[in-house]
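Q: Here is how the chains run, residue by residue.
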Amino acid sequence: MRLSAEAILVSRGNRSLSDGSAQVTAETVDAFAPDGGTKADARRVLERLGFSVADAGMSLTIEGELETFEGALGVRLDVSPEAAPGEAMVTASGDLQLPQEARGLVETVAFPKRAHLFGPPSGKQRESHGQG
Amino acid sequence: MAKAKTTSREAPKVPPVVYAEVSPRSVEGTSLFATATPVTRETVRNFHSEEEVTAEAVAQLQSEGFDVLNVGDTTITIGAPPRLYERVFKTRIVAEERKTRKERRRVEPATLLDSPDTPVRGLIDTSQSPLAGLIEGVALSKKAYSFAVSKLPPKKSYWYLDVPADVSLGMMADSAHRLGCTGKGVRVAMVDSGWYRHPFFIARGYRSDPVVLGPGATQPLRDESGHGTGESANVFAVAPDVNFTMVKAGISATGAFNAAVALGPDIISCSWGFDIEDPPLDAADQALAAAVANAVQQGIIVIFSAGNGHWGFPGQHPDVISAGGAYFQSLQPPEAPEYASGFKSKVYPNRRVPDVCGLVGKPPAAVYIMLPVEPGDELDRDLGGVAYPNGDDTKTNDGWAAFSGTSAAAPQLAGACALMKQAWPQMTPGQAKDILKTTARDVTKGRAAESTGHHKAGPGADLATGHGIADATKATLLAKTRAASASAPPVAVPAAIPATGGDGVEELALSLAMAQEEEV
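Read top to bottom, the protein sequences are chains A and B.
For the first sequence, the working numbering assigns the number 1 to the initial residue and increments by one for each residue that follows.
For the second sequence, the working numbering assigns the number 1 to the initial residue and increments by one for each residue that follows.
Don't read these hints as lab results, they were simulated from the structure.
Note that this is a predicted model, so its numbers are computed, not measured.
Glycine included, C-beta positions come from ideal geometry on N, C-alpha and C.
Just to be clear, a hint being listed does not mean it is correct.
Said to hold, decoys possible - Keeping only pairs whose Cα atoms sit at most 20 Å apart, straight-line, the calculated SDA-like set for lysine to any residue is:
#1 K346(B) with G20(A)
#2 K344(B) with G20(A)
#3 K346(B) with S21(A)
#4 K346(B) with G86(A)
#5 K346(B) with D19(A)
#6 K344(B) with S21(A)
#7 K346(B) with A22(A)
#8 K395(B) with S122(A)
What the hints assert, rightly or not - Here are the computed distance ranges between Cβ atoms for each label pair:
#9 N14(A) with W159(B): 51 to 61 Å
#10 E450(B) with N14(A): 36 to 46 Å
#11 A40(A) with D209(B): 21 to 31 Å
#12 P99(A) with A461(B): 46 to 56 Å
#13 D67(B) with R48(A): 42 to 52 Å
#14 P489(B) with A83(A): 55 to 65 Å
#15 S330(B) with D30(A): 43 to 53 Å
#16 G36(A) with G180(B): 36 to 46 Å
#17 R44(A) with Q62(B): 55 to 65 Å
#18 R48(A) with V94(B): 44 to 54 Å
#19 G13(A) with Q426(B): 27 to 37 Å
Next comes chain A alone, as it looks inside the complex:
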């Protein structure tokens, strides 16, 4: 099964995207950005680990098979392809163990959640709210 995640890189400004209270806006975003060397090195390391990598600006979007992620991050991953909106599609059985060569380049790897489409409620949702 193919997965995707965001590799969050070590910033040049000592500000961290792992800080959930940080206000990341157009005015402050530079402080969270990696420098060019970090990004290039991280890309090489991640590709060597078997991921395909897209430069996503602030982070790197990595794709690979489930086994590639589990091998690189040292954890077992549970995948929920049918996760409800807002829920994680991938959950790790423990803390991610970044490979030695990625440390100092990659701060963490964030797995995506399923987004809500802000259109009509599904038939099931309407029924569950007594509207169906």
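Following the hints, position chain B against chain A.
A: Same frame as chain A, now just chain B:
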């Protein structure tokens, strides 16, 4: 009747869900599937069924486990896994590949389904089933290609808006179009479920580049949900000449958003998000926040839906234009429809959501704008065949569905921004937001969604509708005015005109521009 030989390349597969038309016993006793008489308007009544027969057939099909999708005068539309057909009708269902004429006269292989027990392709013999006394036969459905999908929406008796005309009117875009601002030369990217090349878009001559696949997304020609296809029609309704690109989101919202950024568009419209009331944000959210901030820093105008009772994120991010909802119906004053979100962010202090509104329907399902979708997709099936207001009362495979939500508001605002951007190409994201807020029409009635505080609309900016419904023409005119003043050499402001913040000057210029427009 002999079946023609198939032109097989590789073993085609039977899909996980098979759709079919069931013919209940006809009143004249001759099967719809066995008649030598052409079925025309003169003869079709012979193939109608008595109401009791149809009702009993529907009940028995449902008790066997079939989904009954539509009940017509001559046939009942059903769906079920192939194994259910095989068990109930004691047959086999096989897939064949044949050359078929598809959209735009292309002849390509297509997978067709058959029951080998009958000489007529696609027909299942029902004589050995428990329903034998009630039904004459079952015809396996073929995939409908777009020549069967109307470029015109179906007509319904309840109140709703059509695209492009009603949405353009509701967003006050028509006058801007007549002034020559149609979004020409402006690139709009939308991140959503995909884009189906519906005949509606072709007939209207709208321009769209090939769909770009986000991480994990597949099938660029399909929109299995219908959401992206439908919402894109809102962009074109307000800005018919934009260059449009859909980024089909797969498993990673941030990855798809960044794929849109990489296209270098002027505007990105997103009708989705996450429900986040309280901080802190997790790492995936912060990665998305950073992607949004980075896009805006590059000068891209980013619009996100505020949510439909959600604490929408990134709809509450300070850099986005947060799209809320207002409802209007004919001559009644617009109101907050209790469907769209409105709140003060707890994640970003002092951030009030929404900024401005597009057109959004009311609970329970916001059935409000008739939009083109891929025939038989999730929205077509989900809303179709269900009576208004819980559904849209259209067919489940007609390629049209009536829906809205702040999902519709975001692309409408994207369209308005495209008109402004054409008028003022150097306009920044912050300037675009300011112009939309300055020129919006105040909404003073109704409330925001209950789950976000049920805030009441009143005079001036509020937490129900922000600054009100966007006025695309006024916004475009103000953008033109600001573009002119930005390029003109500085002049001394006459003492008679108040110089506080320049608003007096701009209002005067806007009034003059509006007056010139009226003269035209």
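Q: Give me the numbers of the hints this structure contradicts, sorted from smallest to largest.
A: Those not satisfied: there are none.
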